[in-house]
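Protein sequence lines, in the order shown, are assigned to chains F and A. Start counting the first sequence at 883; every next residue gets the next number (the numbering used here). Start counting the second sequence at 24; every next residue gets the next number (the numbering used here).
Simulated from the structure, these hints should not be mistaken for lab results. Any given hint could turn out to be false.
[Stated by the list, open to error] In the SDA-like style, the derived pairs of lysine to any residue whose C-alpha atoms are separated by at most 20 Å in a straight line are:
#, chain 1, residue 1, chain 2, residue 2
1, F, K901, F, M883
2, A, K367, F, S1183
3, F, K1056, A, Y189
4, A, K313, F, S886
5, F, K1059, F, K988
6, F, K988, A, Y189
7, F, K1098, F, V1088
[Unchecked claim] For the chain A half of the interface with chain F, some residues (derived, Cβ under 10 Å), not all of them:
#, residue
8, R152
9, E242
10, C255
11, A283
12, G336
C-beta: ideal position from N, C-alpha, C; glycine also.
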Amino acid sequence: MIFSEVYGAYYNIMADILKIAVRRPPSQEEINAIISEKGFAETNLFFNADLYENRYKLMTGDGRTPVKKAPTMPLTTAQKRWLKAISLDPRFSLFDITIEGIEDVKPLFTPDMAEVFDKYADGDPYEDDFYREHFAMVLTALREEKSIDLHMVSGKGKKRHHVLTPMRLEYSEKDDKFRVIGQEGRNVLTVNIARILEASLVPQEVRIDKEPYLDKQEVTLMLYDTRKALDRVLLHFAHFEKEAVHLGGKRYKITLRYFPDDETEILIRLMSFGSLIRVVSPEPLKAELKKRVDRQHDLLSL
Amino acid sequence: MAFNELIKNFANIRDYMREFYVYGFKSREDFTSKSLRSYDDSRRRIESWLSDHMSFSFTPDGKNVFISVDSRSCGSNPLFKAWKSRSFTDGDIALHFILMDILSEDKELTLKEILEEADTYNGMFEEGRVFDISTVRKKLNEYVDLGIVISRKEGRNTYYKRGKEYELPAREVLRFFSEISPCGVLGSFIEDKYDRSHKGIEDTLSFKHHYITSTIDSEILYTILDAMGDKCEVDITSVNHRRQETFTDTIIPLKLKMSAQSGRQYIMCFSIKSEKMVAYRVDYIVDAAKGEAVSYYDEVKCKFASMEEHIWGVSIPHAMEHVMFEICYGKYEEYIRDRLIREKRCGTVTLVREGVLRFEADVYDSTELVPWIRTFIGRITALEFSNKGVERRFREDLLRMYEMYSEEEAK
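With the hints as constraints, model all of the structure from the sequences given.
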């Protein structure tokens, strides 16, 4: 149902080439650009050879095709069922769209069939009118490259005012929250959309080039593989840029790279593994971990 | 046989993708269950699909290949590419574009009419491709199953026409739900329909705490969700990694539970073989086939719903266990109180006295709470499990941590 050639990169490449060929012969540069965008690293080698040898019999050597219309393919049943399923998600209505024609389609899943069981309980209020208005404003600012003049309440309960130019809209499945990452002057700020009290679009367009992310830091851990520790740790930290080295026997060294603003979260997540892992660097993170462990030792008189 | 970056069977590559992405420390010689040729070809394919995300390291054991992706900096799941690598024959691709072209007029055609029309596509070529009637019929039936062609029988004739066209949702909608929804690769396939020049704000989306591996289980998951929606059984074959063997079961699938903190997906189900509620990890399932409809499905689902409030994660042993712990926090540390409340999935939180909170819950498996309780290390003032073995192990582990970091300092 899912692993089918009709969804494949080669079919998509062929469709894009034929879209040009039904009007005029495509140039080699155009073919290469399509392959480079939709194919894999070695596709140029294989697909171009197939085209050159005329194996598919869809385009002649001089770029003519017997295909009459620009190729399109209707949605498959699986695609329609997936679209119907996402249309039932409470977050779908934030994007203010409707999908016409799927009324009678059976959804692949409904919200009660699939749930994230360990997300936090204070997720964003998707039904709240103010929240929805602010979410829509962030989308508009991103589309039209505009800034937002906003008043918000900080995590510590203080009121703040910012003129923010959004660069990214970030979603966390664990927190079930949307955050807008943007620039104010030279500073990069992260604002939880649910914390915005009042906002308006600044009419002028603004162009920003800077990437919002800072340099990463590294944490190095030692792990002795008992109680499926290796499987658990590597799966848990799978979404980080990382490297694992087998040191021999059951010993492993794991290096994770993270953004500095996530340091407290990293510390908490490392603590959840208890003695299965030992943090060896960086020194400040290790010192903070040791401080907490020492305090715990005293609190429970271990 | 010459190397080809496309593959016929996804199951073979699924294991390699997981090994390279999740683990990434194995050298060529460690892949003992497959031949070295199979390893070399699979590694080259994955490198071709995911070239931007492949890394290498050299250790005394040899060269290690791994996939290193920071999913926060990567707006679209790179592993989707693997699903777009299905091999095909020259005839398959030719017939696909010819059939879609012939059926692009909004009218019904018989097999004979389609075949006659297909022959006209050969004129431009010295050696044209001739399709026989059974090949065309087979391909049309395959497309009817996929839903891109609709067939209708009238008398002795079958008529074929294209499936209905839809207006595509905006790219950012497809991108967002592709990343966060089950079987999200289907959304990525839809996004591929967009013209290259049609750019929206999809690249401004990013995802934190985002696990991308589950996409490689999409085919299995599709079968299970399809069966769940139709209240049907599923015959599964799964791997028991501890015993290094596979086993089969017939299950009544009840709910898909996904973890935002480990990326794992579980099917909560009733096992017909063991006659009890169980949770199966989706990434361990190697085969799934939809079975018969279950007449008593709603009863089983109802029973599961009554158990859900006492399941912390996914584990459902028999007896209920009690867990209690207390934490302390300072005057300006209300965020600790807020964290306890927002992170608890069941149970109650009560104020014992100013600056001390108590959490209590009755759960099926208290070991599932242990990692979470550890995140409060440095603040736990009281601790009591009805399962004394779990409590003892928890305390021993804390002591081991204390000794581990104290020893290191002493060195």
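Hint numbers not upheld by this structure, sorted from lowest to highest
1, 2, 3, 5, 7 and 10
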